[in-house]
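Chains W and Y are the protein sequences, given in the same order.
Each residue of the first sequence is one higher than the one before, counting from 1 in the working numbering.
Each residue of the second sequence is one higher than the one before, counting from 1 in the working numbering.
Misleading hints may appear alongside valid ones.
[Said to hold, decoys possible] Once the Cα atoms are required to be at most 20 Å apart in a straight line, the calculated PhoX-like pairs of lysine-lysine come out as: (1) Y:K548 x Y:K515; (2) Y:K206 x Y:K219; (3) Y:K600 x Y:K259; (4) W:K321 x Y:K74; (5) Y:K59 x Y:K206; (6) Y:K607 x Y:K630; (7) W:K336 x Y:K219; (8) Y:K259 x Y:K319; (9) W:K335 x Y:K515.
Hint data in this document are derived by calculation from the structure and do not stem from the laboratory.
In this text the structure is predicted, and so the values were computed from the model without any measurement.
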Amino acid sequence: MTKVWFSFFFALSSMVWGTTAALAKERLDLIVLETLPVPIVAESRTEFEKELVRIMPDYEINVTSYNAEGSEVRAKEILAELALKPAPDLIVSIATLATRALNASEEFIDTPKLFMAVSAPVEEGIVSAIGAVSERNMTGESHVLDAKVKLDMLDGVLRASNPMSPFTIGLVHSTYPSSSNLVNQLLALNNDYKNINLVAVSTPYIEGDDGLVEMTDNIIGSLQQKANELDGYWLSSGPLAEAKGLVEKVKNASGLLPLFAESIATVKEGALIGVVSEPASIGKSAARKAKLILEKKSARGIPVNKMDKYTVAVNVSTAIKLQLPIPSNYLRLSKKHVYQ
Amino acid sequence: MRIKSKLLAIYIPILLIGMTLTGYWAYLTAYDSVREREYQLLTQTLTLNVLEIIDERHKLLIESGLENVPVFRKAYQEEVFEELKSLQQATERHFAISERSTNTVIFSTAENAFELNVTNANKTIIANRRVAFGESNVNDTDVLFACSEFTPWNWKVTALQPAEPLQSSLFTIAWLTSLVTLFAVIIVSLLMGKVTQVFVVSPIEKIKTAASRIAIEHKKVSIDLQQTDELGSLARDVEVMSGEIEQFVAQAQQANRAKTDFLAVMSHEIRTPLNGIQGLATLLLDTPLSDKQHRYASDLKSSASILATVINDVLDLSKIESGMTEVDVTEFDLDAMLADLITLLGTNASANSTRLIYKSKNMKSVAVTSDITKLRQIIINLVSNAIKFTHKGTVSISAKLKQPSTEAIGDNRLVIAVKDTGIGIEPERIEHIFDKFTQSDSSITRKYGGTGLGLSIAKQLAQLLGGDIKVVSKVGEGSCFTVTADVQSRCMVEWSANSDPARQAERASLPEGIKVLLAEDNAINAIVAQALLEQLKCDVEHVDNGLKAAARVEEGGIDVVFMDVHMPVMDGIEATKRIRKLEGELSNIPVIGLTAEAFKERHISFKQAGMDDIVTKPVTVEALQESLLKLARDQKISNNS
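All chains should be modelled from the sequences, with the hints used to inform the complete structure.
Next up, the structure:
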């Protein structure tokens, strides 16, 4: 009898276990490495995770995030530690410094890698050109609009007011890689625009939240000094674009208003016009690429591109204040991002 | 004009008018359509492009709360101007914006200022906008315009375009319409021509050909026409008709042959006793008679002569009407012949106290080729008539050839006018003068005699010679009969009297004592003929049938045989054939037929049987002499004695 009962329970246990095993989702382990503690990074990561779960419902997505706190060195340390553990299915790097560290890592050469919120992947040496594939098993998208397009947009706005002389615009940036790369591109193209005269206003990149405050102060100081020479400033992408209260502080200190910004928040605060990829778009687009990789498409075979969706925002109060009418086509493009 | 040409001459103008009207209607329709399309495009450009450009910016300003911000409003209005400049380059239309209240021009793509006359402009509503449009003249150029208002900005917006492309387009339409119309007329004409040819003309031509065959051959025809329409029915009717014609013609020919045979028999039967009467009367007059007897004998001869004339006229007419008369052309001296006739008829004229004058033109030394016998018969008839109806007057005969003759023989036209100063013919009778058995007045027959056949015969003879006889006359002043005939003529440089056979015959002389064998079964005719031959110094021997004649010739000593055709035992034809079969010179003895048969074809058959000449009864001494002279001239007879 005991043998019978034993056999019965054994069969029942086997059946339950088999059913459970059959119903269990496949587990996918992802590591997210981020460096810059700014909203664009945080929001992009959040949207990425949410979208990935949504588009891969048959998988159990296990995301482990690591924050390098704005430091490339810290990012490398994290990667060294991770190398000692079992390799994940995908490593996602957010922002330029983390991506630079991941791309350079030899330990994860066979692990598929995906980057997002990197403005200049070519300049970072990830690929030789936009549209090319990486030999280091990494792919991703640049979230920044081409420098020439940005200049064209600003030129269109300025030209509408029929200026007698070019606008002298301070090109505010830090030495953060993506920021300095973009500024270099803009300066290289400046001579093609007769209504724009770009003047570099720079501060060294300082890691951490304290560094952001210090960089802000440095910029305010620089702009204050050049206030008489400038008609406004251009807030480039990078850590400074995410600095809280920068626009207000500059306005108070120098009376200058931003003419172009690469974040919606800055336009809200008073930038005349801005064009940017929204974090939600960055995260969703990256999630679609991650799905391809997780479904066993090699990251080596996915070319690195620019994003195809951007958001234009205008601030009509600034436009009125500066007597710079925003062309109707930009105003039309802005749709829900017309701020006062 | 052929029926096909006639039909096309009718069809083509009708088609041309019809197609032209259709083409004109099509042109007007196209004209309206093109104008409407141009206005539609212009008004749509104004409302759906220009006003939309303006409205879009205005709405954007409203939605953005910038409508009342001058810098934005001005900038967006400038944008409108820039877009209109681009639109002007793209559409080649001009646009202008003016202040609605003051009419001040704010913007214009046209180089020069313009002022539109919109008094007669049409009005419409497109996309909830009121639009005025029409045609105006701006700076001496016709333009199409459309204008509307944009109330929020107090603007009056105008779009205009030159009318020249529209006019050019309309000109092209007109040209194409004309070309297509002309092309259509040509094609339709060709098609109608072909259809008419196939369904109308060709069947008619087949029926016409059949009708021509019927007219010529009088035979039943079969027309290859399978149509079941009116023409097919006509063809069948013609076929039936042709069958009936063939039948009727056969009957008519049979009747004609019967008539001819009857006339031949009657001619023979009448002429034979008439020959006796005439001959005996002639012989009687040569005997010693009292004056009373001589007068009776003379009247007897005249009566026989008149009877002979009547018979000859009837026979002539019968021959002409039955188509048995043939034209026998010879070359002769017409001028001399007419002169001789005048001389001959001069005796009758003198008896009527009438002067006879003859004159000719283009006829001296000219040889004319025609039927001398018929010409002579015509002239004798007309001149005799003229003399008969002219008492103590003048009858003038003028003959001419229309064209002067050359040495080469050529076609010519003979015109002979016989003009008298006689009693003339009443106008109402003149049109019947050539009818058979008709004289101008029945009293004429009683007064002047005659059968009334002479002029009818003369006219028909003239028509046989390719001419005609016309008459003009005035009662109491006289008549003029003009004869025409187709002849051939040539100029004879060395024309001599020897070349005229008639004269030759006249000049030849008969030897005396010619041994003549007369074969004649009718005793009276034999007596007459013998007596007449003896007057010609002939030595006459008589037999009463052909068998005896042939036997007598075989015996020898005969110079010439006068052989009656119809004789008992052996007729003249068979006897002649026997003579021709004799050996040696005997077979060449000339044989002259004596017959009361007047038809020429019978004479030909007699000659084919071996006879050398034919003398028609009633025989006269002149006819016998002429025949003998002809043989003498041909050296067929000689005096054996």
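Hints versus structure:
no.	hint	result
1	Y:K548 x Y:K515	holds, 16 Å
2	Y:K206 x Y:K219	holds, 16 Å
3	Y:K600 x Y:K259	holds, 16 Å
4	W:K321 x Y:K74	holds, 16 Å
5	Y:K59 x Y:K206	violated, 86 Å
6	Y:K607 x Y:K630	holds, 15 Å
7	W:K336 x Y:K219	violated, 109 Å
8	Y:K259 x Y:K319	holds, 10 Å
9	W:K335 x Y:K515	violated, 155 Å
Violated hints, listed in ascending order, are 5, 7 and 9; each of the other numbered hints is respected by the structure.
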